[in-house]
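Both chains are sitting in their own frames, so use the hints and assemble them into the complex.
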Amino acid sequence: MDILGLIALGFSVALEPINLTFCFIGVVLGTLVGVLPGLGPVAALSLLLPLTFKMPPVTGIIMLAGIYYGSMYGGSTTSILVNIPGESASIVTCLDGYQMARKGRAGAALGISAFGSFIAGTLGVIGLMFFAPVLGNAALSFGPPEFFALTFLGLTLVTYLSRGGVTKALIMAVLGLIAGTIGMDPVTGLQRFTYGSLTLMDGMGIVPVAMGMFGVAEVLHNIAFPVSTSVFTTKIRGLLPNLQDWKDSFWPIIRGSVLGFFVGILPGPSSTIAAFSSYAAEKKISKHPERFGTGTIEGVAGPESANNSATAGAFIPLLSLGIPANITMALFMGALMIHGIQPGPQFIGKHPDLFWGIMTSMYIGNAMLLGLNLPLIGMWVRVLKIPYTILFPLIFLFCVIGVYSLNNNAVEIFVMLILGVLGFIFRQAGFDAAPFLLALVLGPIMESSLRQALIMSHGNLGIFFIRPISVVLIGLGIIFLITPLIPSLKRKREQLTVTDEE
Amino acid sequence: MRKTDVITSLVLLGFAVIVAEESLRLPFGTMRLPGIAFLPFLLSVVLAILSLALLVQALRRHGGSETKGLQVGLWKKAGLCLIALFVFAFIFEWLGYVISTVLLLVVLFRAVEPVRWWLVLVIAVSSSLITYLVFSLLGTPFPAGLMGI
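Residue numbers (the working numbering), protein chains in the order written: chain A, 1 to 502; chain B, 1 to 149.
Isolated chain B, as found in the complex (with noise of 0.2 Å):
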C-alpha cells in the first residue's frame, strides 16, 4: 500500500492546489458575509493538509514488509465492461433504447465469460423488452431512436 498512498496523497494534493485555485475565482465574501467562493477554498486547504499526512504516514512507514500494492485483478474484463458502458451512452439516444440494450447486454455477457450465444439472445432481448414495458409503464418513455423502436 506504500507506494500506492504516496502516489493517491500526490494526486489529491495536485486536485486540492485545482480547487484551491479555481475557488479563488469566485467571491469570497468576508467573515460577516461569507461569498461562494468561503467554503471550496476552506476545503481545498483541508484536503491538501490531509493528503500531505498520507504522504508522511506512507514515507514514515519502512517498505520491508511491503507486499501488497495496488492490485488490479482481471482489470481487463473489468475494463472492457466500462467501455461498452461508456459507448453505451454516447449512442443510445440516437440509437433507441431497445437495440442499444440488446447490444450493451450481448457485449457484457460475452465479455467476462463466453455464455453461450442463444442464452446471450435469449436474455438480452427479453430484459431490454420488459425494462422498456415496465417503464413505459411507468411513466419514463427511452428514446425511440432511429429506427422508431
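Only chain A is shown next, with the shape it has when bound in the complex (with noise of 0.2 Å):
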C-alpha cells in the first residue's frame, strides 16, 4: 500500500465514531489533568491508564495519546496564568506567558501556544508519517547486540539529563534496573526476587510504580510542602493572536517544530529539552533579545511548538524499536503491551490500522484541542481555583482505584503505595524519579539482550565492539557517561538540565 492509501486506512480508523468520542474524552481528561497543579503528563496517562483498560487496543491508545498531548496543553495553561509549570516541559512557557498575563495579554498567549501546538503538533505526526517506517525497517536488521546499545545509550542519556547530581542518577538507574529484575525470567523461566509472591511474579509492573513515584509521591510533597497560588483574575479577553503576533510567531513556530521533532527522537525528557533549546534558539536570533522575559510572544510560540513536535518524535523510537525513549513513552509501551501489543520494528507491519489510526487520531486529536481548549479556557481558570485539600483525596482515590483495576489485586495498592513512599524519601533526598522508572522498563529488554549477545558470541562482549551500530551506540553512551566529571563541560550539563521544578 502506499503512503496516501495508508493515511486513508489511518483516519479510516481515528474517524470511527467510537474512537473519535474517547480521543475526544481524553483530550478534555488529560487538559483536566495537566491544569491541576503539580499534575503532569506522566501523573495523568497513569492515573488516567485504567479507563482504557477494557478497550480495544486501538481505542485505548488513540484516548492515552488524547491524554498525553491533552496534559501537555494543560500544563501551558497553568504557566500561563499562575506561573505554575504543570509539567518541566512547560517551564519556559512560565517566563514570557506569564508576563504576557500580567500585561492583559493572557488570551493572546494562550491562542499562540494552542494555534502553535496545533501546527507543531500536525508537522510533527506527518515527521512521524514518513521517519518510522523507514527506522522500523533499518531496525528489521537490529541483532541482540544493537537493542543492548540502544537501552544502553537510552539509560546514559536519561542519567545525564535528570536533575540532581550525576551519581544520584545513576544510582536511581541502578536501582530501577535491579527493580526490573524481579519476577519470572522470561529465559529461563526461573523465578527471582519474588519470595513466593504471585504479584511479584510478573515482576513490578510499570503502572503500580509510575502511579507511586509520580503521583501518590508528587501529592505527598505538595501534602508536606504546600505552596499558595494566587491565579490570575483578570478577565481573559481577545483569545485570537492579532495579525503582528502571528507575524512575530510564525518562524519561531516552525522552526521550534522542526527542533523539537528530532530532539524528540532522541532519548531523554526530550520535550523539556526542546522547549528550553527552542527559547535559547529564538532568544540568540531575535533583532531584540531583551524583550525575552518580558512577555514577548516569541517565547511562548516556539517553546510551545517545541515541546508538542517533541511528542510526535519521541514515538519514532518506541513505535519502531520498542525502546521508549523517555518515561512517558516507557508508559505507553507499557499500555501497548497491557493490551497485548509488542512495539518493535514489526509492529508496523504487523499493525498497519493502529499505527496509523493512531498517527491520524493525533491530528484530529490536536484539531479538537484547538477547538475546544479556545472557550473552555474560562473553565479551566476555574478548576485552578479548586482549593488542594479538595483536590488531594480524589487524585489519590484515583491512584487507589486505578491501580486496583489493572488485575482486581489489593497487593498492587501496596507496591503503589511503598514506592509512593520511597519515591517522597528519595526525592527529599535529591533523588530523580525519572531514571528509576526509564530503567524499570528498559532493564528486562536490556537483560535479555545482552544474554543473548553472549549466547551468540559464545561470551565474548568483543560482539559490541565489532558491529558498527553497536559501538556507536554504546560509544556515545560512554560519553555520556563520562563528560559530567570533565569540569568545563560539567557546567554545560548543568545548564541543559535547569529543568528542577521546585
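Please note: incorrect hints may appear among the correct ones.
[Claimed, not checked] Label pairs and their in silico Cβ distance ranges:
hint : chain 1 : residue 1 : chain 2 : residue 2 : range
1    : B       : W117      : A       : Q346      : 53 to 63 Å
2    : A       : I386      : B       : R60       : 45 to 55 Å
3    : A       : I466      : B       : R61       : 35 to 45 Å
4    : A       : V134      : B       : S136      : 39 to 49 Å
5    : B       : G29       : A       : I418      : 27 to 37 Å
6    : B       : L59       : A       : G378      : 49 to 59 Å
7    : B       : V11       : A       : S197      : 20 to 30 Å
8    : A       : M337      : B       : F28       : 23 to 33 Å
9    : B       : P27       : A       : S197      : 16 to 26 Å
10   : B       : F28       : A       : I386      : 52 to 62 Å
Treat the hints as calculated values from the structure; they're not laboratory data. For clarity, every value in this text was computed on a predicted model and none was experimentally measured. Beta carbons: idealized from backbone N, C-alpha and C, even for Gly.
If you want it as C-alpha cells, here you go:
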C-alpha cells in the first residue's frame, strides 16, 4: 500500500465514532489533569490508563495519546495563568507567558500556544509518518547487540539529563534495573526475588510504580510542602492572536516544530529539552533579545511548538524500535503491552491499522484541542481555583482504584503506596525518579539482549565492539557517562538540566 | 544535604550487599551462558561502587556552608494520609468499595485541613458512587464487600 492509502486507512480508523469519542474524552481529561497543580503528563497517563484497559487496543491507545497531549496543553495553561508549570516541559512557557498575562495579554499567549501546538503537532505527525517506517525497516536488521546498545544509550542519556547529581541519577537507574529483574525470568522460567508472591511473579508493574512515584509521591510532597497559588484573575479577553502576533510567531513556530521533532527522537526528557533549546534559539536569533522574559510572544510560540512536536518525535523510537525514549513513552509501552501489543521493528507492518490510526488520531486530537481549549479556558481557570485540600483526596482515590482495576489485585495497591513513600523520600534526598522508571522498563529488554548477545558470541564481550551500530551507540553512551566528570563540560550539562521543578 | 547523602549512601550500600547476597543464591551461569544471577549480581556491584562514590563526594564536601538538611515539611499530615491509604488497602476488599472509599475520602478531607462536614460528605459519597458506576460500566467490578454494596 502506498503512503496515501495508509493515511486513508488511518483516517478510516481514527474517524470511527467510538475512536473519535474516546479521543475527545482523552483530550478533555488530559487537559483537566494537566491543569491540576503538580500533575504532569506522567501522572495524567498513569492516573487515566486504567480507563482504557477494557477498550479495544486502537481505541485505548488513541485515548491515551489524547490524554498525553491534552495534559501537555493543560500544563501550558497553568504556566501562563499562574506561573506554575504543570510539567517540566512548560517551565519555559512561564518566562514570557506569565509576563504576557500580567500585561493583560493572557488571551494571546494562550491562543498562540494552542495554535503553535496545533501546527507543531501537525508537522510532527507528518514527520512521524515518514520517519517511523524507515527506522522500523532499518531496525529489522538489528540483533541483540544493537538492542543492548540502544537501551544502554537511552539510560545514560536520561541519567545525563536528569536533575540532581549524575551519581544520584545513576544510582536511581541501577535501582530501577534491579527492580526490573524481579519476577519470572523470560529465558529460563526461573523466579527471581519474588519470595513466593504471586504478584511479583509478573515483575514490578510499570503502572503501580509510575503511579506511586509520580502520583502518590507528588501529592505527598504537595501536602508536606504546601504552595499558595494566586490565579490570575483579570478577565481574559481576545483569545485570538492579532496579525502582529502572527507575524512575530510564524517562524518561531516553524523553527520550534522542526527542532522539537528531531530532539524528540533522541532518548531523554525530550519535550523539556526541546522547549528550552527553542527558547534559547529564538533569543539568539531575535533582533531584540532583551525583550525575552518581559512577555514577548516569540518566547511562548517557539517553546510551545517545540515541546509538542517533540511528543510526535518521541513516538518514533517506541513504535519502530520498541525502545521508549522517556518515561511517558515507557508508560505508552506499558499500555501497548497491556493490550497485548509488542512495539518493535515489526509493529508497523503487523498492525498498520493501529499505527496509522493512532497517527491520524493525533492529528484529529490536536484539532480538537484547538477547538476545545479556546472556548474552555474559563473552565480551566475555575479548575485552577479548586483548593488543593479538595483535590488531593480525589487524586489519591484515583490512584488507588486505578491500580486496583489493573488486575483486581489489592497487593498492587501496596506496591504503589510503598513506591510512593520511597519516591517521596528519594525526592527529599535529591534523587530524581525518572531514571528509575525508565530503567525499570528498559531493564528486561537490556538483560535479554545482553544474554542473547553473549550466547551468540560464546561469552565474548567483543561482540558489542565489532558491530558498527552497536559500537557507535555504546561509544555515545560512554561519552555521556564520562563527560560529567570533566569540570568544564559539567557546567554545560548543568545549564541543560535547569529542569528543576521546585 | 551532606548528612542526608551520607545516610542514603550507607543505606544504599547495605541494600547492594543484600542484593548481591540474594542473587548469589540463584544460578549464576557462565559468560557463555549467563544465568539469572548474572545481571543482579553485576548491578549490586555497580550500586555498591556508586554508593561509595556518593559517600566520598559527601564527605569531601565541607560542612561549613551546610544549611539545608533533609526537609520533611508537614510530614505528620502526609503520614496521616499514608496511614489512611494503607488501612484502606487492607480492608477494602472485605468492607466493600463504596463504604471504604467514602471512609477513606472523609479521613483524607479532614486530615489536612478541616473542610466543612457537609462538603466532605457530599463529595465523598458522590465521587465514590460515580467512580463505582464508571468502572462498572468499563467492565471492572469492584468488591461488594460484607454489606453487598
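If you check each hint against the structure, which ones fail?
-> none
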